[in-house]
Structures are given as C-alpha cells and as structure tokens.
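Start from the sequences and build out the full structure, keeping to the hints where you can.
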Amino acid sequence: CGEKYYDADSEQQKHIDEITHRLHTHYKSLHLRRKLSRSGDSLLLRIPRDVEREYGLNENIEVEISAYDKKKIIIEVV
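Going by my numbering, the first residue of the sequence shown is number 1, and it counts up by one from there.
Just so you know, the hints here were simulated from the structure itself, not pulled from any lab data.
Warning: the hint list may mix true and false statements.
[As the list claims (entries may be wrong)] Cβ-Cβ distance ranges computed for the label pairs, FRET-style:
hint, residue 1, residue 2, range
1, Leu44, Gln13, 15 to 23 Å
2, Lys71, Leu44, 16 to 24 Å
3, Gly40, Ile16, 44 to 52 Å
4, Ser37, Ser66, 45 to 53 Å
5, Arg22, Glu62, 20 to 28 Å
6, Ser39, Glu11, 51 to 59 Å
7, His31, Lys70, 37 to 45 Å
8, Ser10, Ser37, 44 to 52 Å
Note that the Cβ used here is the ideal one computed from N, Cα and C, for glycine as well.
Here you go:
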C-alpha cells in the first residue's frame, strides 16, 4: 500500500516530529475568528494589523482564494 513506518528513535522520525510541531505551533497561532463586513456589493474580511505586519501584507498584495467545501476557505498570497 506504499505506507512507510519509521522507528520512533530514528533521525528521520525526529525530523518529521520537529517539522510537525513547528507547523502545528505556527498555524495554531493564526487561528482567528472574524466577522465579515460589507462594502457595496463586496464582502470584506478585516485582517488585524499585527498579522498584516508579521506577514508583510498590504492593500497591493494579490491573494488566491480556494474553497474546499462550504466551511473551509484558504487564502494564499501569490
């Protein structure tokens, strides 16, 4: 079936665990709950200033929006 297993003490497993921990810590810290607002015919999502600064965002940045289902939307900087 193509699955691979690593010994819990192997260097590969330690590396995988470290990356998983960093990703979980990073993305968990970005969990925000925001209300949408409206401007004319468009919905607006306000991004807090500290997130804007941390990721170098501004009004000139282009983003790509992907919808995975009715409850999950991913916004990526392009």
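Against the structure, the hints:
Hint check: Leu44 to Gln13, Cβ distance near 44 Å, so the stated range 15 to 23 Å is violated. Checking the proposed 16 to 24 Å range against Lys71 and Leu44 shows it holds: the Cβ atoms sit about 19 Å from each other. Checked against the given bound of 44 to 52 Å, the beta carbons of Gly40 and Ile16, roughly 47 Å apart, stay inside it. The supplied range of 45 to 53 Å is broken by Ser37 and Ser66, whose beta-carbon atoms lie about 22 Å from each other.
In this structure the supplied range 20 to 28 Å holds for Arg22 paired with Glu62, their Cβ-Cβ distance being about 27 Å. A beta carbon spacing of about 52 Å between Ser39 and Glu11 agrees with the range 51 to 59 Å that was offered as a hint. For His31 and Lys70, the Cβ-Cβ distance of about 19 Å falls outside the hinted range of 37 to 45 Å, so the restraint is violated. Checking the proposed 44 to 52 Å range against Ser10 and Ser37 shows it holds: the Cβ atoms sit about 50 Å from each other.
Hints 1, 4 and 7 from the earlier list are contradicted by this structure; the remaining hints agree with it.
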